[in-house]
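Next come the chains, spelled out residue by residue.
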Amino acid sequence: MFHIYCPNCEEYREEEEFHASGQAHIPRPLDPDSCSDKEWGEYMFFRKNPRGIHHELWVHAGGCRKFFNITRNTQTYEIKEVYKIGEQPSVVAK
Amino acid sequence: MQRYSGFGLLKHSLTHHENWQQIWRNPTPKKKYDVIIIGGGGHGLATAYYLAKKHGITNVAVIEKGYLGGGNTARNTTIVRSNYLWDASAQLYEHAMKLWEGLSQDLNYNVMFSQRGVLNLGHTLQDMRDIERRVNANRLNGIDGEVLDPQQIKEIVPHMDCSGDSRYPILGASWQPRGGVARHDAVAWGYARGADSFGVDLIQQTEVTDLIIEDGTIIGVKTDRYGDIKADRVGAVVAGNSSVVAKMAGFELPLESHPLQALVSEPIKPVLDTVVMSNHVHGYVSQSDKGDLVIGAGIDGYTGYGQRGSYPTIEHTVQAIVELFPIFSRVRMNRQWGGVVDTCPDACPIISKTPVKNLFFNCGWGTGGFKATPGSGEVFAASLATGEMHPLAKPFSMFRFHNGALIDEHGAAGVAH
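Protein chains in written order, with my numbering: chain P, 1 to 94; chain X, 95 to 511.
Don't take each hint at face value.
To be verified - Keeping only pairs whose Cα atoms sit at most 30 Å apart, straight-line, the calculated DSBU-like set for lysine-lysine is: (1) X:Lys316 / X:Lys192; (2) X:Lys248 / X:Lys384; (3) X:Lys124 / X:Lys384; (4) X:Lys124 / X:Lys447; (5) X:Lys341 / P:Lys84; (6) X:Lys124 / P:Lys38; (7) X:Lys124 / X:Lys316; (8) X:Lys124 / P:Lys94; (9) P:Lys80 / X:Lys341; (10) X:Lys125 / X:Lys341; (11) X:Lys125 / X:Lys363; (12) X:Lys447 / X:Lys192; (13) P:Lys48 / P:Lys38; (14) X:Lys126 / X:Lys248; (15) X:Lys451 / P:Lys38; (16) X:Lys147 / P:Lys48; (17) X:Lys341 / P:Lys38; (18) X:Lys451 / X:Lys125; (19) X:Lys488 / P:Lys94; (20) X:Lys447 / X:Lys384; (21) P:Lys48 / X:Lys125; (22) P:Lys38 / X:Lys447; (23) P:Lys48 / X:Lys124; (24) X:Lys341 / X:Lys316; (25) X:Lys125 / X:Lys105; (26) X:Lys148 / X:Lys316; (27) P:Lys48 / X:Lys363; (28) X:Lys384 / X:Lys147; (29) X:Lys126 / X:Lys148; (30) X:Lys447 / P:Lys48; (31) X:Lys341 / P:Lys48; (32) P:Lys66 / P:Lys48; (33) X:Lys126 / X:Lys316; (34) P:Lys94 / X:Lys341; (35) P:Lys84 / P:Lys66; (36) X:Lys248 / X:Lys363; (37) X:Lys384 / X:Lys148; (38) X:Lys324 / X:Lys192.
Everything labelled a hint here was simulated from the structure, so no lab data went into it.
So that you can see chain P by itself, here it is in the shape it has in the complex (with noise of 0.2 Å):
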C-alpha cells in the first residue's frame, strides 16, 4: 500500500486514487515514417522492467488528473522520489 505525494497537488494521498501507467521517459519515435518494424515494435511493446530502481509514470486519477513520475524500488516498493512531467530523476539506477 503506497502513500504517494502527488506533485501537482502538493499533498500526500492513498495508492486508490492513483493508477500506474508503466514506464516513464519512452520517447515518441522522431521520423515515425521511417521507422522499421523493429523499431515500432519495441517503442510499443519492449519495457525495461527492471528489478530494482524504476522510473515509471502515473496518474492521479481520482485527484488531480494529471500525470507525474515515481522513481521507485521494484523489490522493496520504497517509492524514492517524485517529480513532475518534463522533469529528469535525481535517482538513478547504479
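With the hints as your guide, set chain X onto chain P.
For chain X alone, kept in the frame of chain P given last:
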C-alpha cells in the same frame, strides 16, 4: 524410483511409514550438461521431465535459486481450463489439458486433478456475445464448451446469486466441464520426482548470477554456489524474473512483472463443487478439498518483484466474490499472498528462440501459467531437444511483437492486465 501403489501404502503402514525413500536426490552439479534449465517451478520441472522421458536427454540440470515449486507454482489458484479464443492458444492449452487427463498415471504421483468444471460468467450483453463467440471457437477447435442460461447455472451453483436483482446480474456463462483444479504442489513434486528418476540433476538453493555468452552463443551459466556450469543449450523458465535473466543476455523482453495476489478463507463445509470465474465483476473462486475458498482476481497495476501487493486490490477481489455469493459475506479470510507474474502485452506466453543462439525462453505466462504446465513443458522440451520450435510453440515467438502477429487473449485470460 520406488513406485507408489495401494499395496505399497499397506506395506509401509506395517513399519509406521518410517521407511519411505526420499523422492529426489540433492546432487552436486557436474561441470557440463547437454541442457540447463534455469528455474525449478512447474514449467521448468515439466520441461526436464519430458526432455528425459520423450527425447532421451537425461544429462540435464534444473537450477533453482530457492526450492522446487516455491514460486508461482506454490502461489496460484490451481485452475485448469483450455477455453481460449484463438486457434494458436486454444491448441496449446488443449494440448496441456489432454496431458492433465493422464498426468497422475504418467507420473505415478497423484496430482489430484479434479475435472469439476469451470464457469465463466457473463454480466452484460457484450459479455454474452463474447462468450458465444468463444464457445463456438472452442468447439471448432475440439474443446468442450456450452453456453448456459441463469437457470442452468443455478442448477450447478445453487448458492450463487442468479436472481437478476444484483448490481451486475448474471445473464449466462460459458461452461467447460473438463476444466477443474489440480493440487499445485503435487504437480511440481511429481515432475521433480519423475525427472530425478531419469537422472536429471535438480540443483536447489543456487542462483544463476550471469550467463556465459561467446560470439552470440550461450555456452553456460555462472552460479553463486557452484561457479561456472557449461551447457550446449539453456532454457530460461523463470516467470517473473524473465526480464532480469534477459538483461544478463543483453536483450529486452516485452514483459512487465506485476504482483498478483490471492487468498484463502477459513475451511467451511462443502458449498461449491466447481470453479466460478467472472471477468466483469472480476474475481474467481473455487473450494479446495480442505474446505477453504480459494479466491483470486486482478494484478496490481504497478510493476513489482516483492511477492506482495496492495490492500485495495484484495478489497476489490472480495467485493466481487461477495457480489456473486452473498452467502460468503461473513466467511473469514485465513491467508493472503502475492506472486510475481510476467505479463505479456497480448496476454499470451513467449516460448521462443532469442537473439542469443542456443538460449531459449519460456515466459510471459502472466496470470495463467499453471493450467498449461504439462503442455508448456512438453513443447519446450521438444524445442530444446531439437533446437527448432515445436509447431504448437511457433506462434508464441518473442518476435511476434516485431511483426505484429499478436494473439490477443485478454478476453479469455480471465485476469485483466
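Hints, verified against the model:
A threshold of 30 Å between alpha carbons decides the hint, and for Lys316 (chain X) with Lys192 (chain X) the separation of about 37 Å lies outside it, so the pair is violated. Restraint check for Lys248 (chain X) and Lys384 (chain X): satisfied, since their Cα atoms lie roughly 24 Å apart, inside the 30 Å limit. As the CA atoms of Lys124 (chain X) and Lys384 (chain X) are separated by approximately 42 Å, the hinted pair breaks the 30 Å bound. Of the supplied pair hints, the one linking Lys124 (chain X) and Lys447 (chain X) holds, its CA atoms being roughly 25 Å apart against a limit of 30 Å.
Restraint check for Lys341 (chain X) and Lys84 (chain P): the C-alpha separation of about 29 Å stays at or below 30 Å, so the hint holds. Of the supplied pair hints, the one linking Lys124 (chain X) and Lys38 (chain P) is violated, its CA atoms being roughly 40 Å apart against a limit of 30 Å. Only pairs whose Cα atoms come within 30 Å are accepted, and Lys124 (chain X) paired with Lys316 (chain X) is accepted, the gap being roughly 13 Å. Between Lys124 (chain X) and Lys94 (chain P), the direct Cα distance comes to roughly 34 Å. Violation of the 30 Å bound is thereby established for this hinted pair.
Taking the CA atoms of Lys80 (chain P) and Lys341 (chain X), the gap is about 23 Å. The hint holds against a cut of 30 Å. With a C-alpha separation of about 24 Å, the suggested pair Lys125 (chain X) and Lys341 (chain X) falls inside the 30 Å cut-off, and the hint holds. Using a Cα cut-off of 30 Å, the hinted pair Lys125 (chain X) and Lys363 (chain X) is violated, with the two alpha carbons roughly 53 Å apart. A distance of roughly 25 Å separates the Cα atoms of Lys447 (chain X) and Lys192 (chain X); the hinted pair therefore holds under the 30 Å criterion.
Between the alpha carbons of Lys48 (chain P) and Lys38 (chain P) the distance comes to roughly 16 Å, so the proposed pair stays at or under 30 Å and holds. Pair hint Lys126 (chain X) plus Lys248 (chain X) does not hold up; C-alpha atoms about 58 Å apart against a cutoff of 30 Å. Taking the CA atoms of Lys451 (chain X) and Lys38 (chain P), the gap is about 19 Å. The hint holds against a cut of 30 Å. With a C-alpha separation of about 37 Å, the suggested pairing of Lys147 (chain X) with Lys48 (chain P) is violated against the 30 Å cut-off.
Among the hinted pairs, Lys341 (chain X) with Lys38 (chain P) is consistent with the structure: their alpha-carbon atoms are about 18 Å apart, no more than 30 Å. As the CA atoms of Lys451 (chain X) and Lys125 (chain X) are separated by approximately 21 Å, the hinted pair is consistent with the 30 Å bound. Straight-line distance between C-alpha atoms of Lys488 (chain X) and Lys94 (chain P) comes to about 37 Å, which puts the hinted pair past the 30 Å bound. Proposed proximity of Lys447 (chain X) and Lys384 (chain X) is contradicted: the alpha carbons are some 42 Å apart, above 30 Å.
Restraint check for Lys48 (chain P) and Lys125 (chain X): not satisfied, since their Cα atoms lie roughly 33 Å apart, outside the 30 Å limit. Distance check on the hinted pair: Lys38 (chain P) and Lys447 (chain X) sit about 16 Å apart at the alpha-carbon level, within 30 Å; holds. Straight-line distance between C-alpha atoms of Lys48 (chain P) and Lys124 (chain X) comes to about 34 Å, which puts the hinted pair past the 30 Å bound. Distance hint between Lys341 (chain X) and Lys316 (chain X) is fulfilled; the C-alpha atoms sit about 14 Å from each other, no more than 30 Å.
Using a Cα cut-off of 30 Å, the hinted pair Lys125 (chain X) and Lys105 (chain X) is violated, with the two alpha carbons roughly 40 Å apart. Restraint check for Lys148 (chain X) and Lys316 (chain X): satisfied, since their Cα atoms lie roughly 28 Å apart, inside the 30 Å limit. Using a Cα cut-off of 30 Å, the hinted pair Lys48 (chain P) and Lys363 (chain X) is violated, with the two alpha carbons roughly 47 Å apart. At roughly 33 Å between alpha-carbon atoms, Lys384 (chain X) and Lys147 (chain X) are farther apart than 30 Å, so this suggested pair is violated.
Pair hint Lys126 (chain X) plus Lys148 (chain X) holds up; C-alpha atoms about 21 Å apart against a cutoff of 30 Å. Taking the CA atoms of Lys447 (chain X) and Lys48 (chain P), the gap is near 20 Å; set against the 30 Å cutoff, the hint holds. For a cut-off of 30 Å, the pair hint linking Lys341 (chain X) to Lys48 (chain P) stands: about 9 Å separates their Cα positions. At most 30 Å may separate the alpha-carbon atoms for a hinted pair to count; Lys66 (chain P) and Lys48 (chain P) meet this at roughly 23 Å.
The straight-line distance between the Cα atoms of Lys126 (chain X) and Lys316 (chain X) is roughly 12 Å, inside the 30 Å bound, and the hint therefore holds. Of the pairs offered as hints, the one joining Lys94 (chain P) and Lys341 (chain X) holds, with about 15 Å between alpha carbons and a cut-off of 30 Å not exceeded. A threshold of 30 Å between alpha carbons decides the hint, and for Lys84 (chain P) with Lys66 (chain P) the separation of about 10 Å falls inside it, so the pair holds. Pair hint Lys248 (chain X) plus Lys363 (chain X) holds up; C-alpha atoms about 19 Å apart against a cutoff of 30 Å.
For a cut-off of 30 Å, the pair hint linking Lys384 (chain X) to Lys148 (chain X) is broken: about 35 Å separates their Cα positions. Using a Cα cut-off of 30 Å, the hinted pair Lys324 (chain X) and Lys192 (chain X) is violated, with the two alpha carbons roughly 35 Å apart.
Of the numbered hints listed earlier, those contradicted by the structure are 1, 3, 6, 8, 11, 14, 16, 19, 20, 21, 23, 25, 27, 28, 37, 38.
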